[in-house]
Amino acid sequence: MKVREIMTPDPLTISPNHKVCEVVNIFIANKIDGAPVLDEKGKLVGLFTKSHIYRAISRGLDMNTKVEDLMTRKILTGHPEDEFGDVLNATVPRLPVVNENGQVVGIITRGDIAKAFFNSYRNMSLELDTIINSTHNAIISVDEKGIINVWNLSAAKLLGIEAEDAAGKSIREVLPTAKLMDVIQTGKVETLKKVKLNDRYFMSNRSPIKKDGKIIGAVAVLQDISELDKMSKELFYVKELNEELDAIVESSFDGLFITDGKGKILRYNKAFEQLTGINAHEYLGLSVEDIRRDGIISEPVTCHVLEKKKSITIMQTSKTGKLTLTTGNPVIDASGEIIRVVCNVRDITELNLLKHQLKKAQGLSQHYENQLRTLRLRYDNTESLVVSSAKMRQLLDMVIRLASVDSTILIMGESGTGKELIAETIHSNSSRRDKPFIKVNCGAIPENLLESELFGYDGGAFTGAKREGKSGYIELASGGTLFLDEIGEMPLNLQVKVLRFLQNKEIIRVGGSSVINVDVRIVAATNRDLLEMVQHKQFREDLYYRLNVVPVCVPPLRGRKDDIPPLAAHFVEVFNYKYKKNKKISQSVVDILMQYDWPGNIRELENLIERMVVTTIDDNITGEDLPSFLRDKVGSSSSYIIVSGIVPLRDAVESVEKQLLERVYANYRTTRQMAKELKVDASTVVRKAAKYCIIRDS
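Residue numbers for the sequence shown follow this note's numbering, beginning at 1109 and rising by one.
With a cut-off of at most 25 Å between alpha-carbon atoms, the simulated DSS-like pairs for lysine-lysine come out as follows: (1) Lys-1605 with Lys-1574; (2) Lys-1341 with Lys-1304; (3) Lys-1463 with Lys-1574; (4) Lys-1417 with Lys-1370; (5) Lys-1468 with Lys-1574; (6) Lys-1253 with Lys-1318; (7) Lys-1669 with Lys-1799; (8) Lys-1277 with Lys-1296; (9) Lys-1372 with Lys-1418; (10) Lys-1319 with Lys-1287; (11) Lys-1318 with Lys-1277.
Okay, the calculated beta carbon distance ranges per label pair: (12) Glu-1189 with Arg-1400: 42 to 48 Å; (13) Ser-1512 with His-1644: 35 to 41 Å; (14) Ser-1512 with Val-1794: 25 to 31 Å; (15) Asn-1715 with Pro-1659: 27 to 33 Å; (16) Met-1339 with Asp-1273: 25 to 31 Å; (17) Asp-1650 with Val-1623: 19 to 25 Å; (18) Met-1339 with Glu-1397: 30 to 36 Å; (19) Asp-1273 with Glu-1397: 53 to 59 Å; (20) Asp-1650 with Asp-1726: 54 to 60 Å; (21) Ile-1240 with Arg-1308: 18 to 24 Å; (22) Glu-1397 with Glu-1614: 28 to 34 Å; (23) Asn-1537 with Glu-1381: 39 to 45 Å.
Please keep in mind that the hints were generated in silico from the structure rather than gathered at the bench.
No residue lacks a Cβ here, since even glycine has one placed at the ideal position from N, Cα and C.
Using the sequences plus the hints, can you model the full thing?
The structure is reproduced here in structure tokens:
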């Protein structure tokens, strides 16, 4: 209760200069016993009451004494918006009320306080009577002598005795079997007691009424058992129906989602919980708008059914990422109003995935068919690595270790050194060995087709595109390994999309808008100096560092000449099998092959062996069967520099640098010793060795 509700507004005030005799007349004329004292500016300076007059008379003071000499100066004040109980108590008989500016706007007197308490008591009494009489159960209370104090309307209705006839009488007289007096005597609470009153049975709860620890009466609350029996039967029937409905709803393989005619969620089954990832009772009682707001389902079909008042079927995406086909059906009452909306939610993610996998399998089938068509033109059993030199054994050991992790690998080396075989070795020894291994030669596919071949396209993306779209090589390699050969030939504009894929493992098809997640390992290869291309703005720096996580340098054949004899023997065996020959290679031929520089590396050696197998007449291949250009070059080679024909000066310089570095790496242990022998700085040795992929033999 606020102070403004009980105060006397605009009270009579007096000034400090008023005489006591004048104030007496004012009090008598206005029938008041106190007033605030205001100065000439209207500011509250004190309080003067009849008690001050009494004290002045008892002291024999002159009645012409001024108010300011007797008034109480230290006074409490209130504000109109203060709570009544916070500012008043028994020690404050009256209280001036001031506003924000300090002006007196009212006063609370003893009469005001008494009136407030009376009104409060009356309101509480009326409210209590209303509550008691509004209760469905019968309520009866008695005092310590058994005299009835409370007999509510339900008691009158159930017992057939009006409150006027029962109030003030003894409970023993009105209801002899009530036993309320027993509760007063024992002081114990009795709950759920079956009693018979006026030929009717009730379930009774009886409690003693205590005040300050003393029992001053008892109260009984009566529930008609006949009504409970009826309700119990109805509840049992409803429970059976509910259990039956629950069994039907939960037995559905599809998700079921049921709301009322206003979109309030009534129930949903476990299948729906699994589809959406929500808990059993998380959204019961909430609105379907809460489902939409929290992103549980992208577009609730219930909203469309309530709007259009007919069955609706739409595709939805749940929060768990599942694609569903949902049908919402309205349940309409006799007046044509929707009272329920029942939604049937079917998970079609698996069907969609199977469709996607089918397309992917068809794409893989087409890709492998193209690969097989190419392989038919080749010979068999040439896909294995032939390793003899320490450099290659060390390289192969490292490749096997790298195969066990999923790091991106960049294979560098000259053309014809077997980079593709290294990539296949990585894949076949990895955990992805049973998944696809897709090879893409970035330099062999036209620039305008490379993007759609890598990333795929949606139907209608460009003229000539298949209507159903096509999966790209990246999608086809999902779960396996994608080998990007000749990565240095990739156009700059496409390098941006490849970089984004490497960072996020996500792609967007050409002409498409949806993001596709792809789990694939990337192995790239190049025979070009990518770092130099980066410096000349021919290759993106960020893509270079993203690819160059684990570099693998494949040495040229001239840097691992110990591999030449076993390679030559291997190729002779391969081509003998292919062409039904029985050729053998003499030691003199091997000696000459060991002296040659092999600018074409293993591919050049392979082609040379095939030529000799198919062109020589005798079964024994001798030095005379070698091409004249090779015999001439080997014969004219000096002990310091080997030049393979007329080549650009820059290539010749690089060839000499490689040979010199290979020799010093074989003969010296430290870069300081190598630099001293070559008469250059140690940093130059390190930089040049990295450029030509020269590594130390173990």
